[in-house]
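Asks: Using the sequences and the accompanying hints, generate a full structural model.
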Amino acid sequence: LRRDFTTYCPAGGDLRAVLVPEPLRPPLTAPGVEFVVDSEGQYQASLRWSSSRTEALMKHLQRNNVKLLLSSVKQEEVIIYYAKLYGVSVVECLSSEEMALIREITGVSPYASFGDDIHREITETAVAAFCEPLLLGSQRCVHVGFTSVCTFQPHCLILCGPVDGVNELHAAALHGAFTMLQQLFKRVDQREECRAEATEKQLTIEDIFCNTNRVSERQLKTHKGETEVQIVDPDLQGSDSPACVQTNLQILSNPTSHIKEFSVATEGDGSSRDIQKLCAKCERLGDSHENCKSNSLVANQKNYSTAASAVDNAIVITACERLDVGKDLEKTTCNIVPFKHGKSCVSIAQNYSNILIEAGSVLPVGGYFEILLHYYIQHYAKQFQQSEVTVISNVVADALLSIPKALYRTTEQNSFTKFYLKAINALRKNQPLPMTEKGLESVYCKYQLVISVLHCVTELLSIDLVIGVKRPLQKIEDNDSEDDF
Amino acid sequence: MSRLEAKKPPLFISEPLTKDAVSQSLSLLSGLLKSCYGPAGRLKQLHNGVGGYVCTTSQSSAIFSRLSVSHPILRVLTASVQNHVSRFSDCGLFTAILCCSLIENFKSLSIASCTVIKISKHLLSLCMDYLKSEVCGCRVSVDFCSLETLRCLVHSILTSKPACMLNKPEVDHLTTLILKAFMFTVPCHVETNAVLGKCIIVPVKGRRVLDSTVLPGVLIETPEIQLAKPLTVKRSCSNMIKIALFCVSMSGDLFNPEEGTMTVHHGISLEMSELNQLLNVGKQLVSDEVGLVVCQKVIHPSLKQYLKENHIVAVDRAGLSLMEPLSQMTGSKPIGSIHSVSPSSYGSLKDVCIESFASKHFVHLIPNDTVVCSLILCNRNETAWDELKRACETAEHVLQLTIKEPLALLGGGCTETHLASYIRHKSCSLSTSTFKDIDCSQTQYQLVADGFCRSLESVACSLNHDDGEILTDVVYGHCWFVPSGFPSVSNLSDLVSKCGCGINGNSGNLNWRLLQGQFGSPIIQGCPKEPSGKVADFLTLDCFAAKCSGLQVALETANLILDLSYVIEDQN
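Heads up: the protein sequence lines correspond to chains H and D, in order.
Each number in this note's numbering corresponds to the 1-based position in the first sequence with 546 added.
Each number in this note's numbering corresponds to the 1-based position in the second sequence with 7 added.
Treat the hints with care, as some may be off.
What the hints assert, rightly or not - Not close to chain D: a few residues of chain H, all C-beta gaps over 12 Å, as computed:
(1) D560
(2) E670
(3) H721
(4) G722
(5) T725
(6) V937
(7) L1007
(8) S1008
Said to hold, decoys possible - Mimicking EDC-like on lysine to aspartate or glutamate, the simulated pairs with C-alpha atoms at most 20 Å apart in a straight line are:
(9) K128/D to D446/D
(10) K605/H to E670/H
(11) K290/D to E586/H
(12) K311/D to D295/D
(13) K984/H to D446/D
(14) K125/D to D444/D
(15) K304/D to E622/H
(16) K26/D to E111/D
(17) K620/H to E331/D
(18) K26/D to D577/D
(19) K125/D to D136/D
(20) K620/H to E266/D
(21) K1016/H to E12/D
(22) K984/H to D444/D
(23) K205/D to E400/D
(24) K443/D to E983/H
(25) K125/D to E983/H
(26) K205/D to D550/H
(27) K620/H to E568/H
(28) K304/D to E623/H
By construction, these hints were calculated from the structure, which means they are not laboratory data.
Note that CB positions come from ideal geometry on N, CA and C, so glycine has one too.
Replies: The structure is reproduced here in structure tokens:
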């Protein structure tokens, strides 16, 4: 907690803490209450009562091994005095965010005064292993070791830097990284409920830190549980697509490696034409590697839907990688094996979801995502006969290249051209992409990003007039019905 | 209806370091700071032009807190230095000058800033490893069994602040006082958690510095106490003085009611009732054999009179800042209620007496255990007193840091030149795999290392404010100052007697060379040696922790500034 103790009483061993949301001193009056003073003696007696009640409360806290009061308001001197007298440390003026965090960690509710029954047992106490002052730089802080009731252990990350502004930037970057890690374990598949469920399972912080094998196993299980609804079944892929098996054999030098499969494109939103368009494009990114057959998949899909005649070419990028954080990242290999699973008929747009982004899918950084998407969108555009779609596809495909262009601009000249040619040649020859970068990026995040960008672009392009107004726009209330006009 | 003003577009500066305005401001700031550095530093007078308070100083903390820096890049620099000073008190100017110098030197290299940053980080790690290693030739260990090294540390701090206007006897006197005060704050009986006490600086302006003194315990200014009458304080059975410390007001003012209404019947006086309660507290204090009552706020005159009649000394308006040391020193708990006073809140004192300095009268509370002491600090005028107070606080802080890490670095520019020769030597003998790891060529590394060393050396050079020459020797890598006015043809070895820190004497063939003007042709040399013995009685020493942090902060901040390719400033 980034503030100092109001009063600190050293306490060893486990201790209990109470959250206090209000002034603890019993008030003589309250809003709407009149306090009538009949005599001086009565007035003094009331004050004495108030003071002795405060003392009794502190004694009671002490008996219950409460050694820390965390107050969101400033307490009166008399409270601090008795707290010190009975060995209770006090921290005041906690922000509502801090109070909420402590409540979440410890699961306790704020202390409610008991009225007249002062001797009732105090149940809402948080357990802490220690509570001590801590000097960080030149600032004194309160360090409390709460015992967590959540699935995570509360901990603090102390960022050091020469200036506050830099620390704020670092903190923001760290939050970004956390958000990314949470997104990393999201996936895109057919049913929204499935995704939500899977996401929840994998979103706990533990999962991020637990070993890869467990995560992978869990992911596999999740998939197996959903074979009825998922058209792409990991087991089937393993056995029925020769390309994948081949890759496996090539890469399995590392026995713990786990073959993952994800696709570039996914389900449409239904509400947005453009997203559907994108999906459609992505769906049709297929190329013509005829040697890859997946009969069972085709069979599945045929069962699934038969009405429309859209060509559904799925590209599955098989990536073999371990998600160990900070370990063996260099060993990560990525093989791109595009394959086509024949023609299948899909009745409605939403049913494109037979391809999914698996939870935890990553690609090496350095423009590979963009170049892959670019390649397949272009490929799709060639296949498609309608010129309009071809033109727009090419625009999107070229726009994607602006990212690697910007990335390679800072280094040597023409290095983008080199990178582009190398990557495209490798794709054409069905060879692994030449990877030099060590970093990875989340495919799910990239997917969300592309969708957001296309959404935004469509919106901007749909605007035909910008009207400048001189006064701030007022939010129009909902109850302004048409009758008002 | 409020009128809306059109928003100004943000100010957008690309490649800020290449802009003339930034370069000029940077070199202006750099020049200003360099001119302040060291015992011979020039003073700066800061005032706002419409009268009022004037500050004469050469300390970075005073300059940066008053100087308004306009350019965002320079604000990053000053904020960094201020953060460093808030943690270590010392080496602020060193940090700022080194940072400016690093920026200027690195900027002039035609190497991509990301490469410069990588190399300079590696250089910093070389420096830090060396400073933390046993073989380090520019540090000395501090022996707390003798006062000698501690005296050198404090002495160096006081002499490096010329705006204190101290002569030699005054520096010696204050050095002794500061050390004495520090010794008071070290607890005699250390249990598991040793906590240092506190030294309270009591201002007495308009007196000679030599009138300054240190007293154990706390002094509370009391204008009303008459000196003529000797103070008679009631003592309890064990010959101790019981003290009651109140943090709540005892003025008899009405207790502030909460929301809601309070109806008082005719003829009832709540004020009288409050006063009666105060007198009840007074009665309890008398029966509890309390000898001294100290109140943070105001005591009602009637209660004061009552206490006086009962031979209890009452001191009020002690102020919030004294409450913690008072509580620590006497073992009393500040009482926050006048309705029930627990006897367990009382503390004890050895003695109470009256002291007076200049025209001020104080009640002097003398504790049994002297972890709290008062430094009565005198200086002729207010500005010089303020500067002296900052210097004393710095010295106190440096001693605290040194007790944690009992090391000191050689001062007088010697650490800088020694470190520079170490880096020059080390950077020639790095393996090719190092360059591969950093992703740079050996030439690039050499260029950046040279810029780094020149920056360190320029800090040492800024100790010199007259026209004299600055030399460095090839054996120890120390810094030597040649007074101005000698013909350039004379033999260098005839002109110097001892190095900047005073550890090395002129023992013949040390192979001196000029520090300035040699730029661009670094001499290939061996690893600088550790000094063999020491020549002077007094070494110039710097705080180890503060200087290490200063080096790190300067380099990290310089890297941060070099990395800025755009500044976007909101002008609304």
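Asks: Straight-line Cα separation of K984/H and D444/D no greater than 20 Å?
Replies: 14 Å, holds
Asks: Is K290/D within 20 Å of E586/H, Cα to Cα?
Replies: It holds: about 19 Å lies between the C-alpha atoms, which stays within 20 Å.
Asks: Hinted pair, alpha-carbon criterion (20 Å max): K311/D, D295/D. Please report holds or violated.
Replies: This hinted pair holds, its Cα atoms lying about 17 Å apart.
Asks: Does E670/H lie within 20 Å of K605/H when you go C-alpha to C-alpha?
Replies: 17 Å, holds
Asks: Taking the minimum C-beta separation from D560/H to chain D, is that value above 12 Å?
Replies: 19 Å, holds
Asks: Decide if the proposed pair is consistent with the structure: K620/H and E568/H, CA atoms, cutoff 20 Å inclusive.
Replies: 8 Å, holds
Asks: Just to be careful, I want the Cα atoms of K304/D and E623/H compared with a cutoff of 20 Å; is the pair within it?
Replies: 13 Å, holds
Asks: Is the nearest CB of chain D more than 12 Å from the CB of G722/H?
Replies: Holds: least Cβ distance 19 Å, greater than 12 Å.
Asks: With a cut-off of 20 Å on the C-alpha distance, tell me whether K620/H and E331/D pass.
Replies: Holds: K620/H and E331/D sit about 19 Å apart, inside 20 Å.
Asks: Is it correct that the beta-carbon of T725/H has no partner in chain D closer than or equal to 12 Å?
Replies: At roughly 24 Å from the nearest Cβ of chain D, T725/H sits farther out than 12 Å, so the non-interface label holds.
Asks: Keeping to a limit of 20 Å between CA atoms, is the pair of K26/D and D577/D held or broken?
Replies: Between K26/D and D577/D the Cα gap is close to 19 Å, so the pair holds against 20 Å.
Asks: Is the Cα-Cα distance between K128/D and D446/D 20 Å or less?
Replies: Roughly 13 Å separates the two Cα atoms, so the pair holds.
Violated hints are absent here; each numbered hint is respected by the structure.
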